[in-house]
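**Student:** Okay, here's what each chain looks like letter by letter:
There are 2 protein chains.
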Amino acid sequence: MTQARVITPLFEDFAKVEHHHQLACQSCALSRLCLPLGLHRDDLTKLDQIIKRSAGYKRHQILFEPSSTFKTIFVVRSGSFKTTISATDGREQVTSFYFPGEFIGMDAIYQQRYLSTARALEASSVCELPYERLQEFSATIPELQNQLMTRLSKELSSDKNLLLSLGKKTAQEKLISFLLSLSQRFSERGYSSMSFQLTMSRGDIANHLGLAIETVSRLFTQLQDQQLMSIQGKEVTILDLPALKHRCG
Amino acid sequence: MTQARVITPLFEDFAKVEHHHQLACQSCALSRLCLPLGLHRDDLTKLDQIIKRSAGYKRHQILFEPSSTFKTIFVVRSGSFKTTISATDGREQVTSFYFPGEFIGMDAIYQQRYLSTARALEASSVCELPYERLQEFSATIPELQNQLMTRLSKELSSDKNLLLSLGKKTAQEKLISFLLSLSQRFSERGYSSMSFQLTMSRGDIANHLGLAIETVSRLFTQLQDQQLMSIQGKEVTILDLPALKHRCG
DNA sequence: CGACCGATTGATCTCAGTCAAAGGTTGTGG
DNA sequence: CCACAACCTTTGACTGAGATCAATCGGTCG
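One line per chain: the protein sequences are Z and X, in this order. Residue numbering for the first sequence follows the working numbering, starting at 45 and increasing by one per position. Residue numbering for the second sequence follows the working numbering, starting at 45 and increasing by one per position.
Derived from the structure by calculation, the hints contain no laboratory data. Cβ atoms here follow ideal geometry from the backbone N, Cα and C, with glycine treated the same way. There's no promise every hint is true.
[To be verified] To give an idea of the interface, some chain Z residues facing chain X are shown, with a C-beta separation under 7 Å as derived from the structure:
| no. | residue |
| --- | --- |
| 1 | 157 |
| 2 | 159 |
| 3 | 178 |
| 4 | 183 |
| 5 | 186 |
| 6 | 194 |
| 7 | 196 |
| 8 | 197 |
| 9 | 200 |
| 10 | 201 |
| 11 | 202 |
| 12 | 204 |
| 13 | 207 |
| 14 | 211 |
| 15 | 212 |
| 16 | 257 |
[Unchecked claim] Derived lysine to any residue pairs resembling SDA-like cross-links, with alpha carbons at most 20 Å apart:
| no. | chain 1 | residue 1 | chain 2 | residue 2 |
| --- | --- | --- | --- | --- |
| 17 | Z | 289 | Z | 272 |
| 18 | Z | 198 | X | 201 |
| 19 | Z | 115 | X | 191 |
| 20 | X | 115 | X | 177 |
| 21 | X | 115 | Z | 230 |
| 22 | Z | 198 | X | 289 |
| 23 | Z | 289 | X | 236 |
| 24 | X | 198 | Z | 245 |
| 25 | Z | 278 | Z | 231 |
| 26 | Z | 102 | Z | 172 |
| 27 | X | 198 | Z | 154 |
| 28 | X | 198 | Z | 112 |
| 29 | X | 198 | Z | 179 |
| 30 | Z | 198 | X | 130 |
| 31 | Z | 115 | Z | 82 |
| 32 | Z | 198 | Z | 178 |
| 33 | Z | 198 | X | 198 |
| 34 | Z | 102 | Z | 191 |
| 35 | Z | 198 | X | 131 |
| 36 | X | 289 | Z | 134 |
| 37 | Z | 198 | Z | 187 |
| 38 | Z | 90 | X | 186 |
| 39 | Z | 289 | X | 135 |
| 40 | X | 278 | X | 242 |
Between the sequences and the hints, there should be enough to build the whole structure, so can you do that?
**Tutor:** Below is the structure:
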């Protein structure tokens, strides 16, 4: 039996909402992680009216790119996305991965245009938050404004941590911190922090961490040999969390 | 004659404000670059009352560190600062440099605690924006809220660009893009974009770009040999801007 | 079934890091 | 005001972590 057969769609629970495109925030499984957090019931009702629940995106489908006009911030409803930024000669850097409840496109607020390209890693769906309307609403809902600032600040924090990885960590430390941060985010979403599926390719991981694809592959086998984790295709199982935490820099 | 003798304090124009600690935003030379941008005259007067103009910081003096409690966002009034983030074993990554009009500490909004350590690179001064008061005011001044979001988004953008540098660029490309971004920022502040003083050490630059200090030093001599720029100590003069732009990735 | 794409493994190479030493610069105290 | 010390920068020689090149394997899909 190969492990490929047993892969179930990631974030299946959240994916259910795809069948109810107009599902209100109040009833959404994500509300605990998403914009609604801390908002009053009636504010939420108002917000609900401006949020557009988009149709699904297929694997590799583009959510936005620098040439798109900036009008909305996206929230992942189900599935996952990656964003990339390009050098003038076409080299690309994977800047982030996004999971349900996370906001994509906030770096476009300054300059009012997307800086990066966002692509679906698997069948996914998003909610669209029209930025102008969001701004209007923030004026009357202080908690919404607070929520937006917090989101921006959170992304800033994770970017700074990635800078530390890229600038100062060894290949192994980079990979371990990356996997531990994934584990953390899965756990926040109600999934196991000890065993999860990678929705991105080895190439995406390597690029994100400033490594070669072969290095990532070798590190995976190395981590398995050291009994720190088990990796079978896309499935990661953490075997020795303390040891990993000790080795993540 | 050594170039050291002719160095004048950087941001001298802005430094003048140090003699008028209570100088209102309206009269501040920075208002064009700073928070006041786009704010109405009477809103600004209100804002003025909550902004604390701090005494000066000496070279190497700490503005905040992770153990400090988060209460304020800082705006550079004169001089310059760097922020660093630390790995568990003490390795540090210089995440950003900050010049007059730029905001420091926004990554602390999420978690309500500073993620990084901020240190003055030279004799400097800041304005303190109490975050809670700022939040209150934002509720009544939509333009202020917009300004804050834009600032956060701008920092996010520059971090993403740095990620591209660290992940995908060669040592030379990293250094050139860094110098060109400095040039840009100096020019925005009314200084020459073709000739400016570095306020940070070679070590800070190297660390920021994920390089060794020796590599930065060698690259400087290399760029001089290629007649692309001239570097004498802390003074940088751009000689061939098109060629540099062509080589910055 | 065959073609294609992604992942693994091995062999080799290279860019930038490390180590080492010598100049320069800055700051301090007598 | 000078002299010494501490620190920063430059330059050279060598090394190594991870990239590149190359071949193979495996899984997926038409």
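**Student:** Can you list which hints this structure breaks, lowest number first?
**Tutor:** 1, 3, 11, 16, 21, 22, 23, 24, 31 and 34
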